[in-house]
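Asks: Here are the chains, one letter per residue:
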Amino acid sequence: MPPIIRTHDLRKTFRSPKRRPGVAGALRTLFSREYEDKVAVRDVTMELEPGELVGYIGPNGAGKSTTIKMLTGILVPTSGTIEVAGLVPSDRRNENARNIGVVFGQRSQLYWDLPLVESFELLRAIYSVPKDRYRANLQGFIEMLEMEPFLRTPVRQLSLGQRMRGDFAAAMLHNPRIVYLDEPTIGLDVVAKEAIREFVRHINQERGTTIILTTHDLADVERLCRRIILIDKGTIIYDGTVEHIKEQYGTHRTLVLTLTEPHPNPILEGAEIESNDRGLVRYRFDRRRARPDQLIREATQRYELRDVSIEEPDLESIIRRIYVEGYTQEPVNS
Amino acid sequence: MTLEPYLEFAKKAFAREATYRLEVFTEIGSLIVRVYLLRSVWTALYSQNIAPMNLPLHSMITYATVALLMSLILEVDGTRLIREKIREGTIATDLMKPISVPAYFFSDGFGQTGLHALLVIPSILFALLLVHIDVPSAPVFAAFLLSFAIGYLLNFFVNFVMNSIAFWTLETFAIQLIVRWVSDLLSGQIIPLTFFPGIFGRIVFALPFAAIYSTPLLIYVGVIQPHDYARYFLVQVLWLALFSALSLAMWRAAARRVVIQGG
Ligand SMILES: Nc1ncnc2c1ncn2[C@@H]1O[C@H](COP(=O)(O)OP(=O)(O)OP(=O)(O)O)[C@@H](O)[C@H]1O
Ligand SMILES: [Mg+2]
Numbered sequence: 001m002p003p004i005i006r007t008h009d010l011r012k013t014f015r016s017p018k019r020r021p022g023v024a025g026a027l028r029t030l031f032s033r034e035y036e037d038k039v040a041v042r043d044v045t046m047e048l049e050p051g052e053l054v055g056y057i058g059p060n061g062a063g064k065s066t067t068i069k070m071l072t073g074i075l076v077p078t079s080g081t082i083e084v085a086g087l088v089p090s091d092r093r094n095e096n097a098r099n100i101g102v103v104f105g106q107r108s109q110l111y112w113d114l115p116l117v118e119s120f121e122l123l124r125a126i127y128s129v130p131k132d133r134y135r136a137n138l139q140g141f142i143e144m145l146e147m148e149p150f151l152r153t154p155v156r157q158l159s160l161g162q163r164m165r166g167d168f169a170a171a172m173l174h175n176p177r178i179v180y181l182d183e184p185t186i187g188l189d190v191v192a193k194e195a196i197r198e199f200v201r202h203i204n205q206e207r208g209t210t211i212i213l214t215t216h217d218l219a220d221v222e223r224l225c226r227r228i229i230l231i232d233k234g235t236i237i238y239d240g241t242v243e244h245i246k247e248q249y250g251t252h253r254t255l256v257l258t259l260t261e262p263h264p265n266p267i268l269e270g271a272e273i274e275s276n277d278r279g280l281v282r283y284r285f286d287r288r289r290a291r292p293d294q295l296i297r298e299a300t301q302r303y304e305l306r307d308v309s310i311e312e313p314d315l316e317s318i319i320r321r322i323y324v325e326g327y328t329q330e331p332v333n334s
Numbered sequence: 001m002t003l004e005p006y007l008e009f010a011k012k013a014f015a016r017e018a019t020y021r022l023e024v025f026t027e028i029g030s031l032i033v034r035v036y037l038l039r040s041v042w043t044a045l046y047s048q049n050i051a052p053m054n055l056p057l058h059s060m061i062t063y064a065t066v067a068l069l070m071s072l073i074l075e076v077d078g079t080r081l082i083r084e085k086i087r088e089g090t091i092a093t094d095l096m097k098p099i100s101v102p103a104y105f106f107s108d109g110f111g112q113t114g115l116h117a118l119l120v121i122p123s124i125l126f127a128l129l130l131v132h133i134d135v136p137s138a139p140v141f142a143a144f145l146l147s148f149a150i151g152y153l154l155n156f157f158v159n160f161v162m163n164s165i166a167f168w169t170l171e172t173f174a175i176q177l178i179v180r181w182v183s184d185l186l187s188g189q190i191i192p193l194t195f196f197p198g199i200f201g202r203i204v205f206a207l208p209f210a211a212i213y214s215t216p217l218l219i220y221v222g223v224i225q226p227h228d229y230a231r232y233f234l235v236q237v238l239w240l241a242l243f244s245a246l247s248l249a250m251w252r253a254a255a256r257r258v259v260i261q262g263g
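So the protein lines, in turn, are chains A and B. Quick note: the first sequence uses this note's numbering, first residue 1, plus one each step. Quick note: the second sequence uses this note's numbering, first residue 1, plus one each step.
You can take every hint at face value.
Quick list of in silico lysine-lysine cross-link-like pairs, BS3-like style, CA-CA up to 30 Å:
| id | chain 1 | residue 1 | chain 2 | residue 2 |
| --- | --- | --- | --- | --- |
| 1 | B | K11 | B | K97 |
| 2 | B | K97 | A | K38 |
| 3 | B | K97 | A | K131 |
| 4 | A | K38 | B | K85 |
| 5 | A | K246 | A | K233 |
| 6 | A | K18 | A | K233 |
| 7 | B | K85 | A | K18 |
| 8 | B | K11 | B | K85 |
| 9 | A | K38 | A | K233 |
| 10 | B | K97 | A | K193 |
| 11 | A | K193 | A | K246 |
| 12 | B | K85 | A | K193 |
| 13 | A | K18 | A | K38 |
| 14 | A | K233 | A | K193 |
| 15 | A | K131 | B | K11 |
| 16 | B | K85 | B | K97 |
Label-pair distances were calculated between CB atoms; the ranges are:
| id | chain 1 | residue 1 | chain 2 | residue 2 | range |
| --- | --- | --- | --- | --- | --- |
| 17 | B | E75 | A | R133 | 35 to 45 Å |
| 18 | B | E75 | A | K18 | 40 to 50 Å |
| 19 | A | Q139 | B | A103 | 22 to 32 Å |
| 20 | A | K18 | B | V41 | 50 to 60 Å |
| 21 | B | T19 | A | S309 | 50 to 60 Å |
| 22 | A | Q139 | B | T26 | 39 to 49 Å |
| 23 | A | Y35 | B | E75 | 39 to 49 Å |
| 24 | B | L129 | A | Q106 | 51 to 61 Å |
Example chain B residues on the side facing chain A (calculated, C-beta under 7 Å, incomplete):
| id | residue |
| --- | --- |
| 25 | E4 |
| 26 | P5 |
| 27 | E8 |
| 28 | R16 |
| 29 | T93 |
| 30 | K97 |
Just so you know, these hints were derived from the structure itself, not from any lab. C-beta atoms are modelled at their ideal positions from N, C-alpha and C, and glycine is treated no differently.
Throw the hints in and build the complete structure from the sequences for me.
Replies: Have a look at this one:
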């Protein structure tokens, strides 16, 4: 199957009048013709297969939202090409709109003054969703997202979590083939996050919807995505599986021992003590050089143990390291 | 393009307006008070022999009352949404939907108008307790309705242009206020434009504001005679064409700005 989303050397440069400080500066700003160019997205090339669920990850200001706006067609690229389900989004805004669903965590698409369910009715009319399909979809969403209690509440009075559920349902009512989620779990509690993740997974798996997910909560990514695209300063720095990046960066594991008796320096061959707090000892080891079973055997021979566990590095610590150090093919382990 | 979404926008706007019950009742109340005041003012002025264009007092009071009833409908500004959406940065959300955004604004305004049009009926009943309103012959009334309808559309586009300025300067309140004062005065809503003397009167009649209130009202009270209807309709239609073209051009420019600069 051909890719459903394809961008090539996509670039967006924002131009804004050069600002100067102070009152005199403000006056000069008003009359000057000097501009500052800011490249928000720099030569981004990506392809998504139908049915993929990709995490689009990067630090603040990396260019994620800008990319997504270009994919929706409300922002015109400065250069490069985009094709979404065979259309150029900014040329065919209306047709493209029928193929896509969008959730912006920071901004609602619901109608503020109307009860939630009336926003859904409006969207039904906007997308000309057949009545029976609308009813079936809505019924399913109400159950999955537990929206029954606040269906008739004006959107303005909904809590953030309730509103987000409403926004998710609103984005999926017309069975879009592609969905863009821009920080959809921002500000949600753990239960609401879980409900939303489950919903996203359901839409992706049952309907085969292609999804791009932007988030700063890497637990979202770990739960949902096989593939991630990392972007920094407008440039893609990694495009591949979560597994691969973990393998690449996660060469170290942590061995945690609970000793029956505290020990001042409970050394192990091939592992490095990270911390030792009244018998709770954390060791760091390179899994290419030391084997966990050998370490544990050594530990049981030398010390009396109450508990043993091994921790895998989580995506969050890996991504944090990439943000700080930049991405390299062969990360040097410190 | 199917009409369904736009009918739905209008329906929802109607329902939304209906929830502001207090405002609705205040509006009728304030209208009644103004009818009463205008009757007193014009009666006093007429006793001083100030009659514009030999309009008899009962015609003048009819004019003033019908003008107030029209304002129930014409003061609804559906395009105020544009300003709000720009300020809150939600215009992008509308651009992401498969709809014509200006048509959405129009339908929303139309729905609001629908509710306010309903208010006209109780308002007339109350007003009739205070003043006598002349009722024109059926053909004249039909001409009035037609002229009013064109005026309604023109009013929408004038507002559209005013509110679209917000795309370039976020704060349009001052502009709005000035335009509002000027148009209230120069549209013939408060005093018939026949009051303005000489060259000044000619200018006032040539402005677009006259096509909103003055033309339908002067048709209603019979100052504009049937043989002049065609000419006045033509002027109204020309203004309508001009302002709708201007609105469209401004919308295009604004939308381009949004898609290039990101709002
Ligand atoms: N309309 C605009 N005009 C000028 N600069 C902009 C505009 N929108 C975004 N930018 C700039 O472009 C860069 C990328 O912004 P973008 O919103 O795409 O980042 P992001 O990856 O979504 O960040 P975050 O995680 O904080 O949401 C930022 O430096 C931002 O300041
Ligand atoms: Mg963003």
